[in-house]
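Colleague: Listed below, chain by chain, are the residues.
There are 2 protein chains.
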Amino acid sequence: MVKLNKDTREEYCNHLLQLLTKEELDQFREDFLQLHPTDQADFYIMLESEDRQKLYAIITAETMADIFQALELSEQKELIIELDERYAAEMINHLYADDAATFLAELDQVEAQAILTAMNTDDADDVKELMAYPPKTAGSIMTKEFISLSSTNTAQEVIEQLRMEAPNAETIYYLYVVDEHEQLVGVVSLRDLITAQSNELVENLMSTRVVSVGSSANQEDVAKLIKKYDFLAAPVVSPNGVLLGIVTVDDVIDVIEDEATEDLGEFTASRGATDVNVSAFTAAKKRAPWIVLLMFFGLITAGVIDQFEETLSQIVLLAAFIPLLMGSAGNAGTQSLAVVVRGLALGTLEKKGLARTLLREFSTGMMIGIICALALLIIIPIFYGSFMLAVIVGISIFCSLSVATVIGATVPLIINKLKIDPAFASGPFITTVNDILGLLIYFTIATSLLEFL
Amino acid sequence: MVKLNKDTREEYCNHLLQLLTKEELDQFREDFLQLHPTDQADFYIMLESEDRQKLYAIITAETMADIFQALELSEQKELIIELDERYAAEMINHLYADDAATFLAELDQVEAQAILTAMNTDDADDVKELMAYPPKTAGSIMTKEFISLSSTNTAQEVIEQLRMEAPNAETIYYLYVVDEHEQLVGVVSLRDLITAQSNELVENLMSTRVVSVGSSANQEDVAKLIKKYDFLAAPVVSPNGVLLGIVTVDDVIDVIEDEATEDLGEFTASRGATDVNVSAFTAAKKRAPWIVLLMFFGLITAGVIDQFEETLSQIVLLAAFIPLLMGSAGNAGTQSLAVVVRGLALGTLEKKGLARTLLREFSTGMMIGIICALALLIIIPIFYGSFMLAVIVGISIFCSLSVATVIGATVPLIINKLKIDPAFASGPFITTVNDILGLLIYFTIATSLLEFL
Numbered sequence: 074m075v076k077l078n079k080d081t082r083e084e085y086c087n088h089l090l091q092l093l094t095k096e097e098l099d100q101f102r103e104d105f106l107q108l109h110p111t112d113q114a115d116f117y118i119m120l121e122s123e124d125r126q127k128l129y130a131i132i133t134a135e136t137m138a139d140i141f142q143a144l145e146l147s148e149q150k151e152l153i154i155e156l157d158e159r160y161a162a163e164m165i166n167h168l169y170a171d172d173a174a175t176f177l178a179e180l181d182q183v184e185a186q187a188i189l190t191a192m193n194t195d196d197a198d199d200v201k202e203l204m205a206y207p208p209k210t211a212g213s214i215m216t217k218e219f220i221s222l223s224s225t226n227t228a229q230e231v232i233e234q235l236r237m238e239a240p241n242a243e244t245i246y247y248l249y250v251v252d253e254h255e256q257l258v259g260v261v262s263l264r265d266l267i268t269a270q271s272n273e274l275v276e277n278l279m280s281t282r283v284v285s286v287g288s289s290a291n292q293e294d295v296a297k298l299i300k301k302y303d304f305l306a307a308p309v310v311s312p313n314g315v316l317l318g319i320v321t322v323d324d325v326i327d328v329i330e331d332e333a334t335e336d337l338g339e340f341t342a343s344r345g346a347t348d349v350n351v352s353a354f355t356a357a358k359k360r361a362p363w364i365v366l367l368m369f370f371g372l373i374t375a376g377v378i379d380q381f382e383e384t385l386s387q388i389v390l391l392a393a394f395i396p397l398l399m400g401s402a403g404n405a406g407t408q409s410l411a412v413v414v415r416g417l418a419l420g421t422l423e424k425k426g427l428a429r430t431l432l433r434e435f436s437t438g439m440m441i442g443i444i445c446a447l448a449l450l451i452i453i454p455i456f457y458g459s460f461m462l463a464v465i466v467g468i469s470i471f472c473s474l475s476v477a478t479v480i481g482a483t484v485p486l487i488i489n490k491l492k493i494d495p496a497f498a499s500g501p502f503i504t505t506v507n508d509i510l511g512l513l514i515y516f517t518i519a520t521s522l523l524e525f526l
Numbered sequence: 074m075v076k077l078n079k080d081t082r083e084e085y086c087n088h089l090l091q092l093l094t095k096e097e098l099d100q101f102r103e104d105f106l107q108l109h110p111t112d113q114a115d116f117y118i119m120l121e122s123e124d125r126q127k128l129y130a131i132i133t134a135e136t137m138a139d140i141f142q143a144l145e146l147s148e149q150k151e152l153i154i155e156l157d158e159r160y161a162a163e164m165i166n167h168l169y170a171d172d173a174a175t176f177l178a179e180l181d182q183v184e185a186q187a188i189l190t191a192m193n194t195d196d197a198d199d200v201k202e203l204m205a206y207p208p209k210t211a212g213s214i215m216t217k218e219f220i221s222l223s224s225t226n227t228a229q230e231v232i233e234q235l236r237m238e239a240p241n242a243e244t245i246y247y248l249y250v251v252d253e254h255e256q257l258v259g260v261v262s263l264r265d266l267i268t269a270q271s272n273e274l275v276e277n278l279m280s281t282r283v284v285s286v287g288s289s290a291n292q293e294d295v296a297k298l299i300k301k302y303d304f305l306a307a308p309v310v311s312p313n314g315v316l317l318g319i320v321t322v323d324d325v326i327d328v329i330e331d332e333a334t335e336d337l338g339e340f341t342a343s344r345g346a347t348d349v350n351v352s353a354f355t356a357a358k359k360r361a362p363w364i365v366l367l368m369f370f371g372l373i374t375a376g377v378i379d380q381f382e383e384t385l386s387q388i389v390l391l392a393a394f395i396p397l398l399m400g401s402a403g404n405a406g407t408q409s410l411a412v413v414v415r416g417l418a419l420g421t422l423e424k425k426g427l428a429r430t431l432l433r434e435f436s437t438g439m440m441i442g443i444i445c446a447l448a449l450l451i452i453i454p455i456f457y458g459s460f461m462l463a464v465i466v467g468i469s470i471f472c473s474l475s476v477a478t479v480i481g482a483t484v485p486l487i488i489n490k491l492k493i494d495p496a497f498a499s500g501p502f503i504t505t506v507n508d509i510l511g512l513l514i515y516f517t518i519a520t521s522l523l524e525f526l
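Chains as they are written, first to last, in the numbering used here: chain A, 74 to 526; chain B, 74 to 526.
Since the hints were derived computationally from the structure, they do not count as laboratory data.
Be aware that one or more of the hints could be misleading.
Identical copies carry no separate label here, and so any pair may be met within one copy or between two of them.
[What the hints assert, rightly or not] Using 25 Å as the maximum straight-line C-alpha spacing, the simulated DSS-like pairs for lysine-lysine come out as follows:
hint: 1; residue 1: 301; residue 2: 150
hint: 2; residue 1: 297; residue 2: 209
hint: 3; residue 1: 217; residue 2: 201
hint: 4; residue 1: 217; residue 2: 301
hint: 5; residue 1: 150; residue 2: 358
hint: 6; residue 1: 301; residue 2: 209
hint: 7; residue 1: 150; residue 2: 201
This is chain A alone, in the form it adopts within the complex:
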């Protein structure tokens, strides 16, 4: 199988393209099939529609299924439209059930139903089963193509079984042992099997207490489990212990990437909008609601400042430090938020008590606040000639930073406990709360010290 390093990729792709253009289709097929499906997919998406049609004519639906699985969702949708219906259904038959389910879930119901009807009954049933699980659960990302054994087989018998079943299984490195009711009773790795005597019974090789997850478990918890134990796969079971499927480590990598994207989205008010390959209009439609919503919060801030118009009109210079104060409080709050959110994601927070974490954040905020206040007490008199202004801004920054770190740390903890949609803990929301508190602190102090200015 040809796998391409960066430098050989372009050359090989040009070579393939030439063969296709010159209609040397036999040679093309031979060389194309040498590629890893991931590289086949990379080549495929470069092709013009006309060349794609040539491709469909000369490669089997099974090969096309491998390519399909390596494509992005938007590319998959384009592909399916170009195929004739029979070829498409045959291709979907060859997909792993989890990939087929993920794809069909994105189509409208009529289209999905049409494809399901054209599929083999068995395969279609697997796909329907997976589609029935709520998104982001273990059930929704598991694969049905796993290998299960009986505990009374010998190592040699299992290896014979593998020779038969390996081509259809997503992994053969973890083998799950089930009893007569299909309930999961053990696991044996191919590693253990290889190193065992050939007449050894699976019973004696398997681990009997298997870590498994329920089909409704959160996909993030499955990812944490696999990461924690360095597993290559984890079994998914029904409430009564029946083995339903497995989640493999490559699915988990996708989950971790997705969760990281989601975390970032929540920190940047771009939740659900981080897809780079959309039109400006689609991007605006996804992002505008956040900006507009946060702008309305900005109107609240404007209202707060408006309340102190009298103070401001007496000392206009106070306005100059609004961005500095709000920016600092916002940054400190977001830092705390990031620390706590990462701690929750990586599971390192649980080892510490929550109260200690909050106290730590409060102390941290006070220390940073003192440093900032001292700096301002020196700088402001130099540039603006007013020591009293420095005192007002200094005390305000100390108070706002101390509060901001606590709010930044508390909100995600509460939200985590309450299992509310974590979007509400997003950076911009915490920043807004800190903005308003900071402004109240600032102008209250300024108003009460006004006579000294």
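Go by the hints and put chain B onto chain A.
Modeller: Chain B in isolation, oriented as in the chain A frame:
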């Protein structure tokens, strides 16, 4: 092997603790050794110092090495201090070379050297080799415990070889084929080996064009490669093709987690400060520099506002909309930043042209800007009774949002091209730039329209 689900964990740990307290050490050892090393480590960190000493006395250095590998770095450091020197050295001998190198790199040179001297020469050489690679390269995260084959062996011979070598290898699922010069010439999966005829030569089973990475490749590129092809491992080679080691998928998961933490750190001015298990003082020491640095940028903003003191003193209400404008521009810029940074991280951006991405962002910014401007043109006259004020704020928000998205998208692209430390692209820096531009736009418009207010 006992692996613990959440509900059985506490019970089993209590049981172990009781045995340890009652000094029923034989029974304790037997039950403790039933646990997966990851769970052994979880149990270990719960123990008081006195109980830990009991543990060291009854388990071998080899078992302790497995526990050690499952601990966090800070816990590893605590552990090594408690051990007597000979036991510690023996334990380090049993670590995988990559884990030993990662740990020793964190100690000071004298300590690290003392441990290296006490180790077996062969193991110490492997560890020293890994420590010589720069951090975050493929070389620094690869493992030396891989299995290499000769192409002239038969499938059966390889399986015999695996029986011998499997216990010392980190994975046996990918087997690398080298020639007489130790140069990588192919790869064969255990899957292919199992399904092959037993007298088939490795030569005929292996893929000859293997995707490999250089030892100085960025760890993130290795992660992308493994993720793209759904590999379980990738081989690391020297410039002349000699197989040096392998990077396994579980290491890659750690890399992806680390990179996500890093991305988040760059977005939240908490770079390198996301460790939750540190004292308030340490946290303040790591985070304060960012807050103070950004506060100095805030002083620039204050200076900009100060320049427009005359305008402000005529219409104090203008100050009320400073946070709204700056917040909106900041949010829009951060959204663009997030989209582009994720696109770069996931590799989805490369498919689009960069110019098209920038144009897309600019159009998106204008569209969101129009929506915000229209909303303000309705709301501000109602609450503040001034249509002219609404026009000033409306035009300003339209201009700032259009500019902010372009800046948010451009900066990470430039930084990516120049291969500069991406910390400079962090959210708060872009927000500061957008703040200043937004204020200039706002007050320039306000000043020029002052006579109409």
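Colleague: Of the hints stated earlier, which fail here?
Modeller: none
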